[in-house]
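As a plain string of letters, each chain reads:
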Amino acid sequence: MITDQKPVMVKVAAKQVHSPTFASLYIDFSIDFKPGQFIMVWIPGVDEKPYTISHHTPDRFAVTIEAKGRFSKKAVALEQGDTIGIRGPFGNGFTITPKTQIGIVAGGCGMAPLAPLVDRLEAEKNSEILFIHGARSRQFILYPDRFSTLRQICTDDGSQGHKGFVTDILEQEIRTRKEAGMPGLDLVYTCGPEIMMHRVFHICEENQIPCQVSLERYMRCGFGVCGACVCGKQVVCKDGPVFGSQTLRTMEDFNTTALLKSGQPVALDQYASWRCQ
Amino acid sequence: MITDQKPVMVKVAAKQVHSPTFASLYIDFSIDFKPGQFIMVWIPGVDEKPYTISHHTPDRFAVTIEAKGRFSKKAVALEQGDTIGIRGPFGNGFTITPKTQIGIVAGGCGMAPLAPLVDRLEAEKNSEILFIHGARSRQFILYPDRFSTLRQICTDDGSQGHKGFVTDILEQEIRTRKEAGMPGLDLVYTCGPEIMMHRVFHICEENQIPCQVSLERYMRCGFGVCGACVCGKQVVCKDGPVFGSQTLRTMEDFNTTALLKSGQPVALDQYASWRCQ
Amino acid sequence: MQTDFLGTSLSTPLVLASGVLGNNKAILERVHDNGCGLPTMKSIGPAPRDGHNNPTVIDLGDGMINAVGLPTPGYQNMEAEWAELEGRNFPVNASIYGGSVDEFVRVAEFVCAKGPDFIELNISCPNSDQHGMIFGVNAESSYAVVSAVKKVIDVPLIAKLTPAAPDIGAIARACEEGGANAICAINTAGPGMVIDIEARMPVLAFKKGGLSGPMIKPIAVRCVYDIYRSVSIPIIGLGGITTGADAVEIIMAGASLVGVGTAVRYRGITVFNQINKELSTWLANHNTTLDEIRGAAHPDLETAHRRGK
Amino acid sequence: MQTDFLGTSLSTPLVLASGVLGNNKAILERVHDNGCGLPTMKSIGPAPRDGHNNPTVIDLGDGMINAVGLPTPGYQNMEAEWAELEGRNFPVNASIYGGSVDEFVRVAEFVCAKGPDFIELNISCPNSDQHGMIFGVNAESSYAVVSAVKKVIDVPLIAKLTPAAPDIGAIARACEEGGANAICAINTAGPGMVIDIEARMPVLAFKKGGLSGPMIKPIAVRCVYDIYRSVSIPIIGLGGITTGADAVEIIMAGASLVGVGTAVRYRGITVFNQINKELSTWLANHNTTLDEIRGAAHPDLETAHRRGK
Ligand SMILES: Cc1cc2nc3c(=O)[nH]c(=O)nc-3n(C[C@H](O)[C@H](O)[C@H](O)COP(=O)(O)OP(=O)(O)OC[C@H]3O[C@@H](n4cnc5c(N)ncnc54)[C@H](O)[C@@H]3O)c2cc1C
Ligand SMILES: Cc1cc2nc3c(=O)[nH]c(=O)nc-3n(C[C@H](O)[C@H](O)[C@H](O)COP(=O)(O)OP(=O)(O)OC[C@H]3O[C@@H](n4cnc5c(N)ncnc54)[C@H](O)[C@@H]3O)c2cc1C
Ligand SMILES: Cc1cc2nc3c(=O)[nH]c(=O)nc-3n(C[C@H](O)[C@H](O)[C@H](O)COP(=O)(O)O)c2cc1C
Ligand SMILES: Cc1cc2nc3c(=O)[nH]c(=O)nc-3n(C[C@H](O)[C@H](O)[C@H](O)COP(=O)(O)O)c2cc1C
Ligand code: FES
Ligand code: FES
Numbered sequence: 001m002i003t004d005q006k007p008v009m010v011k012v013a014a015k016q017v018h019s020p021t022f023a024s025l026y027i028d029f030s031i032d033f034k035p036g037q038f039i040m041v042w043i044p045g046v047d048e049k050p051y052t053i054s055h056h057t058p059d060r061f062a063v064t065i066e067a068k069g070r071f072s073k074k075a076v077a078l079e080q081g082d083t084i085g086i087r088g089p090f091g092n093g094f095t096i097t098p099k100t101q102i103g104i105v106a107g108g109c110g111m112a113p114l115a116p117l118v119d120r121l122e123a124e125k126n127s128e129i130l131f132i133h134g135a136r137s138r139q140f141i142l143y144p145d146r147f148s149t150l151r152q153i154c155t156d157d158g159s160q161g162h163k164g165f166v167t168d169i170l171e172q173e174i175r176t177r178k179e180a181g182m183p184g185l186d187l188v189y190t191c192g193p194e195i196m197m198h199r200v201f202h203i204c205e206e207n208q209i210p211c212q213v214s215l216e217r218y219m220r221c222g223f224g225v226c227g228a229c230v231c232g233k234q235v236v237c238k239d240g241p242v243f244g245s246q247t248l249r250t251m252e253d254f255n256t257t258a259l260l261k262s263g264q265p266v267a268l269d270q271y272a273s274w275r276c277q
Numbered sequence: 001m002i003t004d005q006k007p008v009m010v011k012v013a014a015k016q017v018h019s020p021t022f023a024s025l026y027i028d029f030s031i032d033f034k035p036g037q038f039i040m041v042w043i044p045g046v047d048e049k050p051y052t053i054s055h056h057t058p059d060r061f062a063v064t065i066e067a068k069g070r071f072s073k074k075a076v077a078l079e080q081g082d083t084i085g086i087r088g089p090f091g092n093g094f095t096i097t098p099k100t101q102i103g104i105v106a107g108g109c110g111m112a113p114l115a116p117l118v119d120r121l122e123a124e125k126n127s128e129i130l131f132i133h134g135a136r137s138r139q140f141i142l143y144p145d146r147f148s149t150l151r152q153i154c155t156d157d158g159s160q161g162h163k164g165f166v167t168d169i170l171e172q173e174i175r176t177r178k179e180a181g182m183p184g185l186d187l188v189y190t191c192g193p194e195i196m197m198h199r200v201f202h203i204c205e206e207n208q209i210p211c212q213v214s215l216e217r218y219m220r221c222g223f224g225v226c227g228a229c230v231c232g233k234q235v236v237c238k239d240g241p242v243f244g245s246q247t248l249r250t251m252e253d254f255n256t257t258a259l260l261k262s263g264q265p266v267a268l269d270q271y272a273s274w275r276c277q
Numbered sequence: 001m002q003t004d005f006l007g008t009s010l011s012t013p014l015v016l017a018s019g020v021l022g023n024n025k026a027i028l029e030r031v032h033d034n035g036c037g038l039p040t041m042k043s044i045g046p047a048p049r050d051g052h053n054n055p056t057v058i059d060l061g062d063g064m065i066n067a068v069g070l071p072t073p074g075y076q077n078m079e080a081e082w083a084e085l086e087g088r089n090f091p092v093n094a095s096i097y098g099g100s101v102d103e104f105v106r107v108a109e110f111v112c113a114k115g116p117d118f119i120e121l122n123i124s125c126p127n128s129d130q131h132g133m134i135f136g137v138n139a140e141s142s143y144a145v146v147s148a149v150k151k152v153i154d155v156p157l158i159a160k161l162t163p164a165a166p167d168i169g170a171i172a173r174a175c176e177e178g179g180a181n182a183i184c185a186i187n188t189a190g191p192g193m194v195i196d197i198e199a200r201m202p203v204l205a206f207k208k209g210g211l212s213g214p215m216i217k218p219i220a221v222r223c224v225y226d227i228y229r230s231v232s233i234p235i236i237g238l239g240g241i242t243t244g245a246d247a248v249e250i251i252m253a254g255a256s257l258v259g260v261g262t263a264v265r266y267r268g269i270t271v272f273n274q275i276n277k278e279l280s281t282w283l284a285n286h287n288t289t290l291d292e293i294r295g296a297a298h299p300d301l302e303t304a305h306r307r308g309k
Numbered sequence: 001m002q003t004d005f006l007g008t009s010l011s012t013p014l015v016l017a018s019g020v021l022g023n024n025k026a027i028l029e030r031v032h033d034n035g036c037g038l039p040t041m042k043s044i045g046p047a048p049r050d051g052h053n054n055p056t057v058i059d060l061g062d063g064m065i066n067a068v069g070l071p072t073p074g075y076q077n078m079e080a081e082w083a084e085l086e087g088r089n090f091p092v093n094a095s096i097y098g099g100s101v102d103e104f105v106r107v108a109e110f111v112c113a114k115g116p117d118f119i120e121l122n123i124s125c126p127n128s129d130q131h132g133m134i135f136g137v138n139a140e141s142s143y144a145v146v147s148a149v150k151k152v153i154d155v156p157l158i159a160k161l162t163p164a165a166p167d168i169g170a171i172a173r174a175c176e177e178g179g180a181n182a183i184c185a186i187n188t189a190g191p192g193m194v195i196d197i198e199a200r201m202p203v204l205a206f207k208k209g210g211l212s213g214p215m216i217k218p219i220a221v222r223c224v225y226d227i228y229r230s231v232s233i234p235i236i237g238l239g240g241i242t243t244g245a246d247a248v249e250i251i252m253a254g255a256s257l258v259g260v261g262t263a264v265r266y267r268g269i270t271v272f273n274q275i276n277k278e279l280s281t282w283l284a285n286h287n288t289t290l291d292e293i294r295g296a297a298h299p300d301l302e303t304a305h306r307r308g309k
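Going down the list, the protein sequences come from chains A, B, C and D.
Residue numbering for the first sequence is 1 to 277, as defined by the numbering used here.
Residue numbering for the second sequence is 1 to 277, as defined by the numbering used here.
Residue numbering for the third sequence is 1 to 309, as defined by the numbering used here.
Residue numbering for the fourth sequence is 1 to 309, as defined by the numbering used here.
The set of hints was computed from the structure by calculation and includes no laboratory data.
Small disclaimer: the values here were computed from a predicted structure and weren't measured.
Glycine included, C-beta positions come from ideal geometry on N, C-alpha and C.
It cannot be assumed that every hint is accurate.
To be verified - Here's a subset of chain D near chain A, in silico, CB distances under 8 Å, partners left out: (1) Val68; (2) Arg229; (3) Val264; (4) Arg265; (5) Ala284; (6) Asn285; (7) His286; (8) Leu290.
Whenever a hint applies, use it, and build me the whole structure from the sequences.
Structural data, given as structure tokens:
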């Protein structure tokens, strides 16, 4: 079935409310998929926005949405049986290469694209995972019981784990391993607020660790034609949303600039709509 | 390769002149094909008309054309290296069922669609062929050396074989076989002037022999949409051009009516453009 | 799926597009027997006309391009066909064209006396330099021809429109005001041209041709949507309809009947039965009816407007 | 395949269609590096505009439908981009639009001072109620806007036309008379509409959208063919061009340069290099040149007319 042309209408098969603002919508539909790819979700009469696939089995998948603006509030208010349209999957997804020591650094619902990646790494059992997850507070920690890998949690308010940033833990881990003569990280995957990902990238650069980040920009087509999502010379929906260290090094707009709906480039803090945290 | 949409441009690889008015154009092109099917031949700037495939190998085929009107005169005047467009093959082709005693009755260049059928029957060696071929005169006998099966020839002027009609021979053969207690004909394939085919059909009907005739009508699309070629409720280009006894029995327009280019139905003699003889 | 249309009961809501197959009574009947509720005859013109030389009809895979050129025996030369049609047991839509209001009137009056169930004015054919097109792109001339013909015929009048009209809703309204009982939309789109790069010339002998089939379906749906919002007479929606889902789509845009032409290329003459089956299966699965889905893509319009057709 | 166009030397005869990718300097440069001789910027308008809500761009398999709705930062809010473009090593075509002749003039004058190599007037975008369309379907208004803009700019002016014009040749002639240095054709066709039958509403938020890609190629070829016969200025031909063979086809219809938009969907950003390669292979195999095949589908026209472009 062709799923990347006009929307395929599907029903919400189940809904899981994670917190006052986070919910996952489950869809009973077989979709071809690679961790890190996204779909366009259409709520007829409202709008259409990109969401990462946050859970995937051969005949069911989910998206996890934070209620933030007009669209995402309507999305988390959807109930079982409601009909939405989906197009996709789009984007490149994470590059998965056999590595031993893997870092996963998630911020807020930046956990969404990373979750199926962790599922996959856990199933493949080839690697040891350093898993760091930050959130506003305890109740915003997504998928608390999903993974066998232990997560190191940070919260802004200290309601669970470390009070502070995921990057504190990442830096400390890298330092500890180095000092202990333990094997260092071979690769770090990260998703979360762009400022966080930028910091993770730089920590990785300082320590010569390859890094993959998942970016977010305003999107229209989702398949590399309209130009709405360009970030420097990268087309986020098509070349990305995942970018590796080599590309990130030359990506001037990373953590600095994003285009508004009008096409106007603005500083990221003005854009304000990046990955929910 | 899609060959039944817009014309595929091909070069005339070889030309064989059979008589003052008949020529075969050979094309080095692999075309999927069943005996009895036809292609539309486009001479750019001139016109496009249907022609039966008269010779077929995996990488070469031919059409055999009688110079008659404006288009066919240009067609037989084409030379090796000239470019034409072809679309097809179209139509149903002959239904080939394993039979022991097969009659082939060709009139003039009605030999064209029957020739690859005879080639095939000879190759399959399952049947005995009664092969009758009529023409104006000796020099109009197509493919004199092509077949291993002996042909019974009739000419209008008696310059070769029987002076008279193919139907004379057909009737006589049927009678002789019956009288001699020999096995009768299981199936007759015929192509030639419609009046001849009609007569062949009736002889077959009288003797309970199934018959297949290949009809000809003015054509535009070649694939059953425009309606130019309708003959009663049959669409000649798509349901035909080959029709079997069962259909022929209900086909009021067979040997009576054909549509002009304008769509006007006229008596066949007025139409005047049927299978060249 | 028996459907009432302007007082005539049709066995199905499907219409055979004019110019496709409908060259004699036998084939119109066969199309009807295959599930077409209303077969349309090939457009009948004021004088005998051969149409263009070949190539005239070319498949492009996702639709066709054609410039048949309005061949017609001429309205006065069809006695045999009318005689055959007299004893028919199915309704017939007679499509006609002319080069002037007078010609349209003359043909319509003559044809009407022959007893078709409907007369369709082809004020939209793009394939001839002299005929048709001028009426369908202009509201005044559309009104003029429709109102003039309306006076001389006593069967329902269908106006067939071209998507080339800058504002097809306005044309439809002019036709309604002129007395049209229904709108048929759309005729072929474009025109387009296909050049063969080896021959270095257009493939069609007439060079340009009208586009039909799946590639024009979005244009057809948009036109029916626009027309539905501007008239209250029923619409025959066509242009690329190939499946039951396509039929549902154009009905939701506002069509009461659904025309099928080019799809015969892709699914054969039995396409009518196939579409009927798919359509009724869809309706059954969705526990709904044709009446209920008609115009469903216009939730802002009065239910009354939707049900009126 | 270096090509001269209105005095500027282009690395290839390929043009990036406006509205496709060209949202910043980096991507324009990338497109250029991938074999596009002339990248066009997304159309710049008189005031900031968000465009329509999503869905705005939908692939239909054989083309796309879009109603992006002319988003623009507004001509006065693009200093950063102009600053970046200043040091560029590739030519840029700045597409602009306005809601009135005055707006066109204001935007054009301002943009021209920023140093684009060409200014393209989008008098043809069908996606906004207020903008553009009105000019491109009417010869007088096309003349008015072109001639007014021409007075205030000192780079070559390209008029981009819509296939919705009843007589696109006449529009092109009016633009030529108004001072246009080249014609770009075509903008999207239709408009069309795609209704989702489960949602029972149009898929695009704006309901209607322009059609692009392979499904409109026959319309584009016909338009370029018509324009070629009515003007003597060069034509940028686009609409569905996806392969080298498509490029040859539209060049034979009369195009001097070939635009590429929707094909990026089907073959990626490297589509430009792919088309260049296919085009030059075709030319080599046929022992011919771009100049020789340009307008080849018009054997009746003077060679002089064909060579002049
Ligand atoms: C590849 C990708 C994957 C994504 N995956 C997820 C996911 O898994 N889960 C998830 O919750 N979200 C995800 N998003 C984000 C999601 O697409 C929406 O952007 C998010 O849900 C907010 O949408 P909204 O319409 O509700 O909010 P908006 O109405 O867009 O508002 C959210 C905030 O952004 C600002 N804003 C919105 N649009 C603009 C604009 N054009 N210019 C400037 N500011 C703007 C608003 O002012 C507000 O502060 C993803 C985005 C991308 C690109
Ligand atoms: C399925 C099929 C297979 C065929 N196979 C062959 C084949 O293998 N070999 C072959 O030589 N021919 C074949 N033909 C016939 C061929 O297509 C042409 O009809 C034939 O070559 C004559 O074409 P023309 O244009 O040269 O002659 P025309 O110019 O068509 O003239 C030929 C004669 O027909 C009359 N005529 C032509 N068109 C009309 C019309 N519309 N209405 C009334 N009278 C008309 C003319 O007055 C003239 O007497 C086949 C036709 C069909 C339908
Ligand atoms: C070969 C062909 C011939 C046509 N001839 C006519 C005609 O004579 N009169 C008319 O009103 N429409 C004519 N049309 C247009 C069709 O009736 C129909 O409006 C159009 O093809 C769109 O429908 P479709 O996509 O289902 O084919 C013709 C179309 C084709 C393909
Ligand atoms: C998503 C999209 C956005 C477009 N935006 C514009 C625009 O802003 N200005 C313009 O002149 N044309 C615009 N167009 C039209 C294209 O430039 C081009 O004329 C049309 O798409 C036909 O070419 P194609 O088939 O190669 O895409 C847009 C087309 C698409 C698909
Ligand atoms: S969203 Fe259209 S190019 Fe990325
Ligand atoms: S030639 Fe068109 S239907 Fe037979």
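Quiz item: What are the numbers of the hints that this structure violates, sorted from low to high?
Solution: Numbers 2, 5, 6, 7 and 8 - these are the hints that the structure violates, sorted from lowest upward.
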